[in-house]
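The listed protein sequences derive, respectively, from chains S and U. Here the first sequence is numbered in the numbering used here, starting from 1 and rising by one per residue. Here the second sequence is numbered in the numbering used here, starting from 420 and rising by one per residue.
Think of the hints as simulated: they come from the structure by calculation, not from any bench. Model, not experiment: these values are computed from the prediction. Hints are supplied without guarantee of correctness; some may be wrong.
[What the hints assert, rightly or not] Far from chain S, by Cβ distances over 10 angstroms, these chain U residues were calculated:
#1 Gly487
#2 Tyr506
#3 Lys508
#4 Phe514
#5 Ala517
#6 Thr544
[As the list claims (entries may be wrong)] Facing chain S, according to a computed beta carbon distance under 7 angstroms, are these residues of chain U, among others:
#7 Leu458
#8 Gly461
#9 Ser462
#10 Tyr604
#11 His605
Think of the CB as a built atom: it goes at the ideal place given N, C-alpha and C, for glycine as much as any other residue.
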Amino acid sequence: MKRTLLALSCLMLMISGCLKDSLETTFTYTLARPVYKTSAEVRSSIGNLPAEPISSPGKMYLFGSYIFLNELNKGVHIINNSNPSAPVNEAFIAIPGCGDMAVSGNTLYADCYTDMMVIDISNPKAVALKHYVPNLFPERRYILGYTVDSAKVIADWITKDTTITNKIDFSGNRWFGGGIFFESQMSFSSFATNSGQKANTGGKGGSMARFAISFAHLYAVTTSSLIALDLVNPEKPVWKSTTTLPWGVETIYPFKDKLFIGANSGMHIFTIENPAAPKQAGTFTHARVCDPVIADDNFAYVTLRSGTTCQGFTNQLDVVNIANIFSPALVKSYPLTNPRGLDKDGNYLYVCDGGDALKVLDAANVNNVILTKTISIKDPFDVICWNKVAIVSAADGLHQYDISNVNNIKQLSFIGLKN
Amino acid sequence: MKKIIFATLVLFTISAFAQEEKVIAKPRWKYTGIVQGGLLGGSSEINYSAQTIQGVQKGPWLLGIGVGIDNYVMPGFPVVAHGQFHYGKKRSKPFVYAQGGPHIPWVKNEWDDKLWETNQYELNTGWLAEGGIGYRFPMGKKLKLLTSLGYSVKQAKYDEVQMPWSWFLSSRWPPQAGTPDFNYYHQKLTMNRLVLKVGVQF
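Generate coordinates for the entire structure from the input sequences, incorporating the hints supplied.
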């Protein structure tokens, strides 16, 4: 009996040793060391360079017959689009740390790390820095745990990849219960006054833009604020107001006397009856995702996108009734793959969706939006429709399509990336 | 003598026919099914499993495909190839079994929001392997009661994406080129469990 008990005890000990759960982690990390430059050094490097091939296309801004295409963190391509079938990449303006821009008249407003640059582009081949607004985007001073002072910026990173593998005993909690945390929901808030002024736009930005110009004011959104600058003297913008917004603001879209602000928790509507002091009217709250937005007189079109940056699990087009801007109401949601920028021309919505498609949706009846055409484009990012031409910024370059006949959309031109 | 020889020949013939009949009666592959539930116990928790196996049986062998739910730590649907060998000729007999195959996670993505960081988990298909011993009891004409004790290993694979708190402060959309915004961890969680199962074979 004693032997049996001893054998059983030994067996139990052996089994308990085998029953440990373990967790093996392989982590590839990048050790990044910042390269600092003084703000003066950065400003001195702003100026013309010969026209450069596009390598990392970002946001677009349309003004007159020119397309201003951001080269992420490096500057802005100026593309003469007088003939959309044969656009000419005319010049490049080097603006380190630039990701957003807007144009009014002969003046380009572009971010440059924490500051905003005011650049005279009356001669695109000989631009001149006229003025700068310092520290307009203070949040960009904090980068990956590094904090730089007002006189310096992190202009580059020296990186080194390292992979480590580590195995530990795991006796953790139950992690994956099968729930999806962010359910779509709506709530409304309203505060402000009546609207009713006429439109005033300097050019046209895409739905992914963070800058917008309306009523001789430049509006810029940061992650958590809306900044208004007076452009009465275009070369010397004057700060007027900063409105604090809930965290996670991504885009701004001006329409008539309203600003539509896309944030990862909802769409905020502001009235700009007093352009210097935008007032919040209503909010359309949705699941936590990225959401570029455009609008017309009665409806706002919001694309919700999930992903690593955006979180959430929702990929759809929400049509929101904004007849009463104080109480925006969801009309209907339409499933999409992974939508990004969008624009509307007549009754048709053009949506950059998924990794390989520009989708054309017939939105004549908002209760029954129908997919009418899918144009194959690699990773389309944003689209601007103008004069029956759809201009699409994508991972592989800049595409232009003739959309005068939706049933026969033709590619007009394509500027590819440099090899 | 002639009678003895004749009798021997007759007996031999009968015996030969009898042997031929045995060959004819050789068992064939026949459909069988198993439905069973179990308890999984490991260092992290005790939880349940359920499984159905559809297969064929011939003599001591049972081969099949099993699908089910494994709810231990990271719930999922294992799809396994199952083999079982029975000892003895009595209706009540012991057996050994082994099974293995992919383990498909219940959910593909999950978020873990904390005040200081937000993690995203992207779950991938892992694998499961199990072996054990059991005993089969007859229950009426066709049904059999199965009990078994086994050792089961499940490996779940997932990628963990950590967004450091500073991301919200520093990042813009799209993320700045050249700046590492997220930390990616490739995780392999290996779960070793004892599994006790009870089921019915039909």
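Status of the hints after comparison with the structure:
no.: 1; hint: Gly487; result: holds, 16 angstroms
no.: 2; hint: Tyr506; result: holds, 22 angstroms
no.: 3; hint: Lys508; result: holds, 30 angstroms
no.: 4; hint: Phe514; result: holds, 21 angstroms
no.: 5; hint: Ala517; result: holds, 17 angstroms
no.: 6; hint: Thr544; result: holds, 14 angstroms
no.: 7; hint: Leu458; result: violated, 13 angstroms
no.: 8; hint: Gly461; result: holds, 5 angstroms
no.: 9; hint: Ser462; result: holds, 5 angstroms
no.: 10; hint: Tyr604; result: holds, 5 angstroms
no.: 11; hint: His605; result: holds, 4 angstroms
Of the numbered hints listed earlier, the single one contradicted by the structure is hint 7.
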